[in-house]
Each structure stands twice: as C-alpha cells, then as structure tokens.
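Asker: Spelled out, the chains give:
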Amino acid sequence: MKTEVLLARFKMMLLMRRFDETVDRLYAAGKLYGTIHLYIGQEAIGAGICGELQHGDVIASTHRGHGHNVAMGSDPGAMMAELLGRVTGLCHGFGGSMHIADQKLGNLGANGIVGGGVPLATGAALSFKIRELPYVAVSFMGDGAPNEGCVHESLNIAAIWKLPIVFVIENNQYGMSAPVKDTYAIERLSERAVAYGMPGESIDGQDIFKVVEAARRAIDRARSGGGPTLLEMITYRYKGHSRNDPARYRPAGELDAWKARDPIEIVRARLLQDGASEARLAEITAEAEAAITAAVAFGEAGPFPDPKDVLPKVYA
Amino acid sequence: MIQTTTAETLFGKALNWTIATAMETDPNVFIIGEDIGQFGGAFGITKGLVEKFGKPRVLDTPISEAGLVGVGVGAAMMGMRPIVEIQFSDFLVNAMDQIVNQAAKVHFMFGGNVNVPIVIRTPFGGGVGLAAQHSQSLEAWFYHVPGLKVVAPSTPDDARGLLFASIDDPNPVIFFEHKLLYSVKGPMHESIERIPLGKAVVRRPGKDATVVSYSFAMHKTLEAAEKLAASGIDLEVIDLRTLYPLDIGTVIASVERTGRLAVSHEAVVRGGIGGDIIAQVCGSKAFSKLKGPVLRIGAKESPVPYSPPLESYVLPSVEHIESELRAWLK
Ligand SMILES: Cc1ncc(C[n+]2csc(CCOP(=O)(O)OP(=O)(O)O)c2C)c(N)n1
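Protein chains in written order, with our numbering: chain Z, 1 to 316; chain L, 1001 to 1330.
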C-alpha cells in the first residue's frame, strides 16, 4: 500500500476507534438510549475491506455496525446524531445504533437480526448480475451468524449462481457469551466454504496488510465473474458484547494478549518504518479526535424528531 | 417439598425459581437457548442453573433459532419437557417453521399419536430503546395458530404458577414475558401449585366498563383505571394471563355487569387479540347488554422506532390509555 493510502486507512481506523470510545463514554454518562455494540479491536477489517471497494459496490453490515459505517464514509456527526435519537441522524432517529446506515454510500444497513443482512447482500449481488453491472457486494457477519439457516442458504445460492459477492466472517472469538469453540466443530470457519463450492481463506484480521491482500483477491474474483469467496477474519472485540456486558466469560489475560497486536498500532509501526514522521501521525490523530468532538457537538445540537412523522414513514 | 411461604419477589426471579424447581422435580425438564449457561441469559433469567444442573440439562446453543426450537420439538416428541429460551421474541420469526409447521401440527396430523410438550419462553415488547427488530409484540400470530397455547403473565406469582402449568401441558406453549416485567415486584408463593391455563382474573372490580388486558400493558391499564377512579369512573380490569385458551367466560360475565368493553394491549391494534375478544363478546349473550361502541387500545400501527419521543408516541402509555378510556366513556 502506498504511504498516502495507508495514512488514509490509519485515519479511518482512528475515527472508528475514537467514535466508539466516545460512544462508550456517552453511554456511561446516560446520554444514549437502547444498546450499543462497539467495534473496538476489529478496525483493520472494516477499513481494509471497505477501503478496497469502488463507487457502486455495496456492503451489508451487522448489529456491530459503527465501524462499517465509518469505513463506508458515513458522516460521524450524522452517526452520532442517530445514536442520540436526533432527526439529524442517518436514519432520522428511527433506527438507532442497531440500524445505522447511509444507503447513499452503499451500505444496505446495520441489522439487528444475526445473519439477517447476508441474504440482502446476496440479493444485491444478484441485482448486479441481472443488470450486468461491474459491482461487488460484501456481506459482513460475526462468527455467530454462519450458524443461522439463512446464511447457509445464501452462501449456496451465491455459489450456484456465481454471484459477485464476498462473505466476510469477523471472527472476534465470541457470539455474545458463546466462545467459537463451543459453537463450531470445525477449526477454521472458512472450512465451511468447501461445502458450498467456493474458495475460503482464514486471515489474520489484526493485520490490515493481510486483510487487504485477501480482500483484493476475493473482490477481483467477484468482479470478474468468478463468483463468491468466504473470508474468515480472525480478530477480537476488546469490549463486552453490548452495553452492560462486563465480559466475565473471557479467560484472564486473553484481552491483553490480543491488545499486544492492536490493529491500529500495527499500521502506526509500518507507517513509521516507511518514513512517515511522528509529527504527521500526531497531526492525523488530532484530526480524527477533532472530527469526533465535532460529531458529538453536531449530534447534541440536533432536535429530536417529531412524532407526527412516524406514521407517514410506515409505508413508502 | 411443597412450601407456601409468600415473599416479595421479582418477576424475573420467580421465573428462575420456577425453572429450577421444575428441573429438580422432573428429570425430563431441561432448558436450551442462546447464552443461557454461565452468562445466565440476556435478561438473567437462567442465572445459576448451569452451576446447579450441569451442561447436559442447561444447554448453550449456537445462534440457530430454527434449529434449537426444532431440537426442542424432537426431544418433546420423545417425552422430554424442554424449555426453550428465545432471546428476543422477534427471533421467534427465525424459528417460525418449527413452531407453526412442526410443533403446532405434530399431535394433530399424526392422529394424536404423539405430543409436543415444549415451552418456548421469550421476552417481548418495547420501552427500552431497542428499536424495530427487538421490540415487537407478536403474540397474535401465535394465538392465530391452532395447536399452540399462548401465555402472558403479569405478576411474579402468575409467572410461577403458569410456567409450572405450561411445563406440564402436553402441548406447545409460547410463554411471553414483557421485558419491563422482569423488574416488577410482587408476592410469590414458593409453591409448586399450578395456575391452570385459560383462567383470567379480575384485577380491579368496577361497574362502569370492562377493560381486558394482559402482561405489562395490564399494569399500565390498572394505573390508568386508578387515575380515572379519582374522577368517579369505576373500571373493571381483567388480566387474561393466558391468551389461548382464552377465558372469554370471565370477560362475558363482566361485560354483562358493566355493559361496556375495551381491550388494552401493547401490540398494534390491527389484527390483534383485542379484536378477537371483541368479536367473541359481540357474538355472545353479552352483546345485548352493550350500551355503546367498544374500544381497542394498542400501539400505533408502526414498527417501534428508536428515538425516545418517537418510541413513546408509538407505544401506549398510561396517559394515553387513560385519555382513550376517558374520551370513550364521555
Ligand atoms: C436471529 C438473532 N438471534 C439472536 C440475536 C441476539 N444477538 C445479537 S448479537 C448476538 C451475538 C452475535 O455474535 P456474532 O455473530 O459473533 O457477532 P459479534 O457480536 O461477535 O460481532 C446475539 C446472540 C439476534 N440479534 N438475532
């Protein structure tokens, strides 16, 4: 990756992290409603994959969708406004954290139903095929989702019709409290690909360089008519599943071991090695921080939506 | 083993106590669901069970609702008594085939040769900011399907007695628990005595009108009734407790006394259980006693939105129930 591109990814990852750290604080301060699922620790995946997409490509996100939104270029202010329930939010306050998305930027949506977005992404890929468009869909899912029936069905459909799609499992080791080893009898989740007749790869999801390489292979294959690929990205979520989850089910030391290979630090180290100056990195960090501070201000300044607008939105 | 101490207990604790007691007394009872083991369930209802009964009887499953309901149905066909926890009732939809086409049909289509004594427990309803896919009240869908029983208690003691009865029942039972009930406190008899399915109770006797409700909406409705009592309106509030079998007899008897009928639930009004109750009363001898139009109170016909002012607009509040009833009785 060229240094300029890597600097852009570095900033994207910082934005993701600062956004979610700020959301965590706002939550603790009682300023947010409902629940939140933080992306902290998984930034290399969203940034590495979405960064390879072109205008016209789409993704389907998950309940853990803040990071994917940032990666697709959503305005952090409108994201924050959504979490704060304001009319200025990406979904005008109707969706909240679990449904946050900017469809104009190619995000089919964050989704409160585990696995729910996978058929949608598959359908988007089908639309590209029917219309003979050169676009690709990326279906993000957690390690819990591949055990849902609709995910099996979608993978099979995508394979038999050679749809232009990349299925990405973000294996952050847990589905809520369930460790992956208790929900799979296989070692690597990419092994599932064999059953559908598509390539499958398991990749170090902490390392954006590995993520990007695999994403390029899979996206090129999809775009050139080769059909779907299943990528397992091996990663870790630093926080509990959602608000109020202290993650007591994790063995002692596990989190620290993963933090030792922090995805943002890996990029920082490479940038320094490639000759970027500490000053430049500090400048980018400050820019990301300022963007999130501005996002909170924008979010909090927005008015709440008007209840009289609810019923007119039920049908198109 | 039968004890009858009465203590103030949380609704959630009452469920936990009942499940534990049922598992102690019947080795055929077991519980399966997502995150119900060490984690204790998303709402903490199964806390301590895996420590007490071990893994084969307290099973954490993958995120596979169709599969986990289906394996429950299969085990029930073998004479076991599975309790299945579906983390949010919205995900019953993922398991719809197993519930509607399998669980509800097996006994009938095999000519009565086999039973499906499964209980599917699940939190439902809104009011906590979880938006459109985690806040629904879908009980009418299950009420609509012959072969299923549908239970929706509103108090800790009813949760206890009705869950025992649901576990005993030879039929599939969908057991709805409103999320806001888990922290509701009330007396609970530490007794294994059952509350029969299909028996409503009058929570507040009154003479001016009958208001039928259930689950958390019942508490809001009672509160609204107390407020109206202050202005001289005396409402009778009936808590159905079981939706199917429906205790229409208690409702009819009440309407014969009061001459007026309203229903109040959190589910949207359209196609809801309230409409069916009204149809049954209008088709009964109580029809001639009706002094005026009937009333249905429920959520606005919308998915549940996220933002607090929108959510409270869509869901029926105490004030909303009160003003609807007041306007209706004018
Ligand atoms: C169909 C369905 N079942 C259960 C849930 C509750 N739930 C939400 S997220 C989650 C865990 C998801 O785990 P995973 O797919 O690994 O994603 P992660 O949270 O780790 O990113 C569960 C059980 C849900 N939202 N939808």
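Worth flagging that the hints you see were computed from the coordinates, not collected in a lab.
Beta carbons are placed, not taken as given, at the ideal position from N, Cα and C, and that holds for glycine.
It is possible that part of the hints are untrue.
Stated by the list, open to error - Chain L residues, not near chain Z, derived (Cβ > 12 Å throughout): (1) S1064; (2) Q1087; (3) F1091; (4) I1192; (5) K1199; (6) A1253; (7) S1284.
To be verified - Restraint-style ranges between C-beta atoms, simulated for each label pair: (8) K129/Z with M1096/L: 40 to 48 Å; (9) K1055/L with D220/Z: 42 to 50 Å; (10) T293/Z with E1024/L: 53 to 61 Å; (11) A8/Z with M1080/L: 56 to 64 Å; (12) T3/Z with D1097/L: 50 to 58 Å; (13) M1096/L with N244/Z: 25 to 33 Å; (14) G1259/L with A316/Z: 56 to 64 Å; (15) P307/Z with P1293/L: 21 to 29 Å; (16) V1128/L with S224/Z: 45 to 53 Å; (17) D309/Z with K1199/L: 38 to 46 Å.
Asker: Does each hint hold? Answer for all of them.
Answerer: Right, here's what the structure says about each hint:
no.: 1; hint: S1064; in the structure: violated (5 Å)
no.: 2; hint: Q1087; in the structure: violated (8 Å)
no.: 3; hint: F1091; in the structure: violated (7 Å)
no.: 4; hint: I1192; in the structure: holds (31 Å)
no.: 5; hint: K1199; in the structure: holds (36 Å)
no.: 6; hint: A1253; in the structure: holds (37 Å)
no.: 7; hint: S1284; in the structure: holds (34 Å)
no.: 8; hint: K129/Z with M1096/L: 40 to 48 Å; in the structure: violated (29 Å)
no.: 9; hint: K1055/L with D220/Z: 42 to 50 Å; in the structure: holds (45 Å)
no.: 10; hint: T293/Z with E1024/L: 53 to 61 Å; in the structure: holds (56 Å)
no.: 11; hint: A8/Z with M1080/L: 56 to 64 Å; in the structure: holds (57 Å)
no.: 12; hint: T3/Z with D1097/L: 50 to 58 Å; in the structure: holds (53 Å)
no.: 13; hint: M1096/L with N244/Z: 25 to 33 Å; in the structure: holds (29 Å)
no.: 14; hint: G1259/L with A316/Z: 56 to 64 Å; in the structure: violated (43 Å)
no.: 15; hint: P307/Z with P1293/L: 21 to 29 Å; in the structure: holds (26 Å)
no.: 16; hint: V1128/L with S224/Z: 45 to 53 Å; in the structure: holds (47 Å)
no.: 17; hint: D309/Z with K1199/L: 38 to 46 Å; in the structure: holds (43 Å)
The structure is inconsistent with the numbered hints 1, 2, 3, 8, 14, although it conforms to all the rest.
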